[in-house]
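Trainee: So you can see what is in the structure, the chains are spelled out below.
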Amino acid sequence: MTTGQLRSWLEERVPVGDLTEALRHKTVPLHRHSAWYYFGGMTLFLFGIQVGTGALLLLYYRPSAAEAYESVRFIMTRVPFGWLVRSIHAWSANLMVATAFGHLFSVLFLHAYRRPREITWVSGLVLLMLTMAFGFTGYLLPWNQLSFFATRIGTDMAASLPLVGEFSVRLMRGGKEVTGATLTRLFGVHVAILPAAVTALIALHLFLVQRHGMSVPPSVEDESRRSGRPVASMPFWPHFVLHDLFGWTVALTLLAALSAYYPFELGLKADPFAPAPAGIRPEWYFLWIFQTLKYMPPSLFGLNGELVVIGVIGAAALVLLVFPFVLSERVRTFRIVSGMAVLALVYMTLMTIVGFVVSRPTP
Amino acid sequence: MNARASGLALSWLLAIPLPLTGQSIEEGARLAFQDDVHASAGLTCSSCHAGPSSRGFALPRIEVAPRCGKCHGDAAYMRQFDPQVRIDQYAQYLTSGHGKRMSTGDSRVATCSDCHGAHGVRRVRDPRSPVAPVNVAPTCARCHADAVRMAPFGREPKPFADWSASVHAEALLKRRDASAPTCNTCHGSHGATPPGVNQVANVCAQCHVREAELFRASPKKAIFEQIGQAECLACHGNHRIEHPTDAWVGLKDPAVCATCHDERGNGATTITDVEHSLGNLNRAIASAQSVLERAERAGMLVDDGWTAQRDGREHLIHSRVMVHAFAAKPFDDMARPGLAVAQQAERVGHDALHELQIRRRGLGIATVLVLGFLVTLWFKIRSVHAERPPR
Amino acid sequence: MASPGSNEILLGPARPPRRAVLDWLLGLWGAGVATSILYPVLRYLIPPELPEAATQSANAGLASTLAPDSARLVPFGLAPMIVVRTAAGEYRAFAGTCTHLACTVQYRADLQHIWCACHNGHYDLNGRNISGPPPRPLEEYDVNVRDDQIVVSRRV
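Protein chains in written order, with this note's numbering: chain A, 1349 to 1711; chain B, 1401 to 1791; chain C, 27 to 182.
No wet-lab data here; the hints were simulated from the structure. Everything numeric in this text was worked out from a predicted model, so none of it was measured. Beta carbons are placed, not taken as given, at the ideal position from N, Cα and C, and that holds for glycine. Please note that the accuracy of each hint is not assured.
[Stated by the list, open to error] Cβ-to-Cβ under 8 Å is the rule here; a few derived chain C residues that face chain B:
1. 48
2. 55
3. 56
4. 58
5. 128
6. 129
7. 146
8. 156
Let's have the full structure, built from the sequences with the hints guiding it.
Mentor: Here you go:
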């Protein structure tokens, strides 16, 4: 049987022929900012790695306060290549958040949120938040000292919300305090609820990206209009895919190298009755919020300081969600958006660095 | 015991009229008595005080113990308050150093009220009582650490300072281990007398059973008896008992064995053997510790190593006990398995570090495959671009 | 255009040999990379010798080798545990760490007690501290014997 015969046999029963044909004709713009196009696919690849390693971890992990830590320890010491699967999962989580942020900022700077891609933008923003939720819920699962106390502090931040503060904390913790109930709840969120939501949104996001095609930055568009030459492009298949494959292979090798040289630490089992260890801080992608909260005075203009920060961040998130719908397509507007994005990036980076430096336990 | 009651007791000890509190002695006593365990038992002033005399209501010092003993030595009487309470305190007191002197009329020694208080007497188990376990030593020290007081009796005021620097004081006061010995544990409370030279070991043996058993089975016991040397004390001291170190075993300073032994005499080979064996075990444990820590820092988990290390440490503790057999074989029988287990712990650490190298080698192989793939892929990409160049 | 009669017209355009080699090489190295991914995954899937972490329960050796009126010390996680078989044949298990200063306890057949050699602490066969400095009883575990295997588990 030849490949051709096999293909037509399959095509008759699973008719994807016109879809694959469309993909063969898809092109990707080629210009000086094209490198940023790979961030989305990289994030998707890393998500795939998370699903794969996560499924493997699920074969040995036990989501109860009495057994979680020991089961992770078991994976790292007794299961063949368990150390590799767990470390890749942990490192890839961090890498995925980084590439997701990279994707966000590149979309901002290249103004790919413009009409008609507003819904793509919204779905992407929600995906970013869900990714951070993945990180937050997953961090607790080894049930070690650092993650236990980081979760306690993290969920505490919700207490300052007006009206719904205490209820939100109870909802997140599965009770008043961080206990085994919190572990089970966040585990359910991490392995079922979030994957379902993220898969649905990724499907929407990818569908929209395919239908709309890749956005070309306004500067490149203007250049092309002025010179009269169309924007260069390359075929999606096989060129772009092969480029993607190159990047993905490098990423996977990097993850394996990190696991072999910098295995993710496990630390000590969580002890709710012990005092919080020195230098407790949330994961790096929450650090800028954490540090900002620390610098807020307890009350600002008569309002709770923490509430002000959460309010400002909430307002910023709302603006981010909505602004593509109300933007006018002028160069000046784009410049303002880029400017604000630069400010946000600088602020977040600065606060993250400060957060690292000040939380280093004194020797 | 509150300040007023203490002031009252002290004033009688020092024969100084009560100053400073600005109230009469009777008022102070009545106030202090409100917290007294005798008051809650229904006793009143007249239960102990006959009536005013030329010196007021106070009892003469030599009359205090017999007065307390009248009730506290009466089994039938005491039973109504506490069926389990002892009634031999006065009898014991009479056998004590304090009691003997008091009987001769010398009232410069301690009597009941000096330690228990006079009008604010609390139960021994009340942490505010001056004779609660954590408070006993400072109470004794009121006199026994006072050079002026001790001089007429030819006693040095050192014991309290010495004991305070000991491991027992650390256990009692820092670790709050109520089983740790204080003055009365070894000297007795009511029958307080220093234990005789031949009896010291019995006192230590109350808790340090194994060491005492080993010592008694060893040749040292007969030798010490012969030369009139107190057991335990010869090496460990009596009040200032500090943490023994492994350096104590040997023939040169700071080894305690060197006090009597030298290279030429009996026991020199045994001492050297034990010294070497102990040294080896310590080195093996330290070496295992450093390897295991290195493995952990490198990210490897070495649970089996820590279990073995724990076992090795147990053997070290037991070996140090076995020193008291003063013979090479019993010591070795304990130290050798410890050495084996410590070496096993070290092996686990080395295996973990080796495993780390294996992982890196595996990574190296995978990287070679990946590099081959990437190079080929790069050429493929180039060829694909050549075939269908970007428009 | 090729001249008539040449093979190229008859057979149609064929992939140039160099590109075929490239594809073949790519497939080969790709298979290598795929193997280096699949091998750890497959090894991972096969359960290890010790099937689960000793969290709630641990094996404590064979029942047939534990005589009555004797005991055995085994690790439970990172801490020791003492499994006692009483003179009557009953199995009991306790944490093996003395509650005084954390020395490992042992069984004294002459006293029918659990004993700590460090400072003469005594525990009865219910784990209760009966004499000496230990301030608290020993934590008791559940013991079950399955097919000559003693299994000790934490009490919930």
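Trainee: What hints, given by number in increasing order, does this structure fail?
Mentor: Hint check: 5, 8 fail, others pass.
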